[in-house]
Amino acid sequence: MAKGAVIARILSEYDAKGTKQARKDLSELQGKFSEFGKKATQAFAIAAAASAAFAIKMGVDSVKAAMAEQQSMAILANTLKNVTGATNEQIDSVNSYIRSTMLRLNVQDDLLRPSLQALVIATHDVSKAESLQQVALDVSANKGKDLTAVSVALAKAYAGNFNALKRLGIPLSETLIKSKDFIGIVKELESATKGSAAAAADTFAGKISRIGLAFDEVKKTIGNAIILALEPFLQKFMKFLPQIEKWLDENAKKIAAFFITGISYGIAFAQVLYDTFSFVARNIKTFETLGAVIAAAIFGAKVAASVQALVTGVMAIIKVMKVLRTASLGAAAAEALATGGISAAAGAAAFAVALGAITLATNKFDKDAEKAAGKVGNLKFNFKGLTTTAADYLKGLTGVNTATAKNTNLTAQQTKALADLKKMGIVPTTEKDAIELEAARQNLVKQGNIAEQQRIQAILDGMTAQLAANEATARYNDLLAALSDSHISSEEVAALAKKWGISQDAVVAYIAQITGAAAFDPSQLSSPGAVAAAGWQKALDALNAYYAKLASGTILPPSLVPGSGNGAGSSVGTPGNPPVTISSTLPYGMPNTVLGGIVLPATPTASFGSKDTAAQYGFGANFMSGTSGGSTTIINVQGNIQTQSDNAASIAKQFQLNQLSGKTALNLGSIANI
Amino acid sequence: MANNDVVILVGLNETLTALKEFDQQAVKKFQKVINDELRHAKKDAQELIYKAVSQGNDVQTAPLSGWQTQKKVTVQTLKQSKTRPFPSWDTSEIIAGIVSSRATGKVRGDYTTSAGALLNKSRAGAIFEIAGRVKGDGKTPQGTAFKRILNEKFGEASRVVWRIVDRDRLKIQANIVKALDEAKTELQKHLETKNS
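Residue numbers (the working numbering), protein chains in the order written: chain A, 1 to 674; chain B, 1 to 196.
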């Protein structure tokens with residue numbers, strides 16, 4: 001086609017090429033719909049509950065609207081028959097006119113019918129009434145007056161009474177009023193307001209009103225369907241009306257209480273009624289129906305989450321019974337049922353069924369759509385993915401190029417690293433090889449990290465050992481305090497166990513270890529305290545024996561004893577003299593043990609604390625063994641400790657002073673060596 | 001403006017392609033129907049141009065007295081002008097610009113292609129065709145007067161090809177659809193004969 005030309009198409013031909021595009025469009029649409037279907041399926045589950053609640057209101061409103069419409073139609077039809085002798089065909093024609101006017105001018109039929117009715121009564125002529133109604137509609141729209149009021153005023157004016165029209169505030173010619181010229185009045189009104197109704201309908205508000213009208217029509221349609229569905233039930237219901245009414249009157253409170261206690265919902269209701277009331281047994285068929293309806297109401301109300309609503313529902317059923325006694329049985333019953341929620345629940349159930357069907361249909365369509373989309377859709381996505389990958393690949397290449405360009409020049413950091421390397425005696429093969437330089441730098445950093453990690457780990461290990469040593473010191477201090485009276489009781493053992501957070505057996509074992517009574521069987525002693533006391537007694541005995549031998553010169557100083565002072569706990573001895581072995585006869589059959597060797601310090605002071613700290617404090621079999629490495633705790637043994645109690649008190653005092661000073665009892669060399 | 005409610009022919013090309021194998025004359029007959037209809041429409045549209053200028057009994061004049069007919073546009077003028085100058089009226093050029101076309105063109109959004117159209121290709125012809133289609137005054141008093149006088153003398157916009165298409169479209173379409181149906185019937189006969 002020529003560019004820029006004015007083109008007037010005469011003929012068009014369907015093009016098969018377009019079907020490809022159509023298929024593609026359809027495939028995309030199906031894909032979108034499929035996605036929508038999945039979401040909608042989930043949404044329906046949530047919406048169903050809300051919809052059910054909405055359906056209750058919808059059902060109530062629908063039935064009400066349908067009934068109101070039926071009523072107004074019946075009244076108008078009756079009026080037409082009485083006043084004009086209209087046939088059914090003519091009545092249908094009037095209904096069609098009402099409907100067309102409603103849709104054309106957005107005026108509710110419930111307003112149009114009373115208006116027309118008033119005018120028909122006045123004019124006795126349907127055609128005249130319809131013409132006058134048009135005038136009334138225009139006046140109503142133009143002056144903002146109620147249509148029925150305007151229509152009634154016009155009807156009165158038709159009969160010669162113009163006061164009603166004047167009271168509406170519509171300016172009229174006094175001359176015409178005086179002459180009672182109705183036609184002149186109507187013409188005057190027409191000339192002033194003609195087209196107002198149509199204009200109003202075409203406004204935004206009118207269009208909104210049209211939506212409301214459409215919704216009302218839907219409600220009426222639903223309401224009519226509900227009424228039709230209720231009719232068979234009502235007919236059956238009315239057959240048993242007297243008995244049911246009596247029964248409900250007698251048992252209303254029981255039923256209400258039954259619901260309030262919340263015993264059950266649904267079908268169980270009928271069963272419970274059957275067991276409870278003999279009346280039900282005689283009329284089970286009726287109650288099966290009633291129960292089903294009530295069950296529906298209950299489930300509907302359950303959605304609304306209100307037990308009280310159930311009670312209201314039951315009371316409403318009673319209301320139905322009472323209303324059914326009146327002349328207008330069908331309509332009143334339907335209204336009462338709807339008000340009570342029963343018809344609404346039926347509507348809700350129907351709505352839920354419809355939703356379920358929609359969901360199923362959506363699922364099916366979803367599957368079908370996926371099948372239909374099939375290969376074409378997948379192919380499209382694959383291509384898309386391929387495009388993306390290729391783009392990313394190219395993008396990645398760009399990044400590589402950039403990185404390479406950067407590597408060709410040394411950064412300030414790399415230059416500094418090079419200088420550092422030189423200081424360390426490391427010279428790369430070529431200083432301009434930035435990559436190698438960087439690798440070397442990172443390697444150094446890595447090695448530095450390893451060394452740092454090792455240092456930190458050593459610190460941590462040292463701290464752990466320090467904590468353990470502190471704990472051992474604290475325990476030993478506690479033990480000395482307990483033994484200050486040269487006696488340890490079971491209560492003291494229990495107290496130590498509680499303080500240390502270990503069992504009494506563990507306390508005894510601990511004491512036995514540090515006192516040299518390691519190889520004993522606690523089960524053979526009468527009490528933990530006795531075991532500990534025995535161990536301690538042995539230790540003191542050994543100490544005294546040592547002092548005695550020292551005084552007699554049978555024990556050489558450590559410097560003269562080969563292998564002594566290594567903290568290994570070896571027995572003390574001199575060449576030609578066996579190690580000091582102290583035996584004692586213990587009560588309760590405790591076996592004799594050999595105490596660890598007691599090493600005479602090289603200087604007049606013996607110290608706790610050495611590289612073998614753990615062994616010093618009972619973690620090994622030796623007690624008070626060690627070298628002169630430590631300096632924190634000093635026990636003066638220059639012969640002035642003469643008694644057992646003095647010795648114990650001296651040791652305890654020293655430990656307590658050390659602990660109270662805030663210092664650690666031991667100065668571990670491992671920490672300082674890190 | 002031409003109404004866009006066009007008849008969509010289905011199977012036109014397929015029918016003609018298949019029919020070629022059996023009956024060349026039938027194909028020619030069908031093509032002749034389309035070509036004749038388009039030619040007649042084109043002539044009618046061209047006739048409207050003649051009528052427009054002959055109102056002054058001088059085909060060399062423009063439909064409006066102020067519409068220049070011999071304006072010579074120099075290169076200098078084009079360089080100095082920010083917009084294209086208003087086209088002069090050249091009856092022969094406009095007549096020549098009114099053509100019929102069977103070019104299919106692109107597939108449109110409704111999955112159709114053109115099977116026949118009238119074109120008004122010249123600038124002056126297009127202005128004469130659609131000037132005043134947008135209601136309201138012109139941007140200048142001269143423009144307003146131009147639109148008003150065109151409307152008064154030649155009617156509302158759609159004065160050439162659209163006017164003809166609006167007038168004759170149904171007749172043309174009916175004739176062509178009838179011819180296509182005949183061609184399909186003819187093809188069917190041949191196919192049945194072949195199969196039997």
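Honestly, the hints are just simulated from the structure, not real lab data.
Each residue gets a CB set at the ideal place from its N, CA and C atoms; glycine is no exception.
Please note that the accuracy of each hint is not assured.
[What the hints assert, rightly or not] One side only, chain A facing chain B, incomplete, derived with CB under 10 Å:
1) LEU11
2) GLU13
3) GLU69
4) TYR97
5) GLN457
**OP:** State the violated hints by number, sorted upward, taking the hints as numbered earlier in the document.
**Re:** As far as the earlier hints go, 3, 4 and 5 are violated by this structure, in ascending order.
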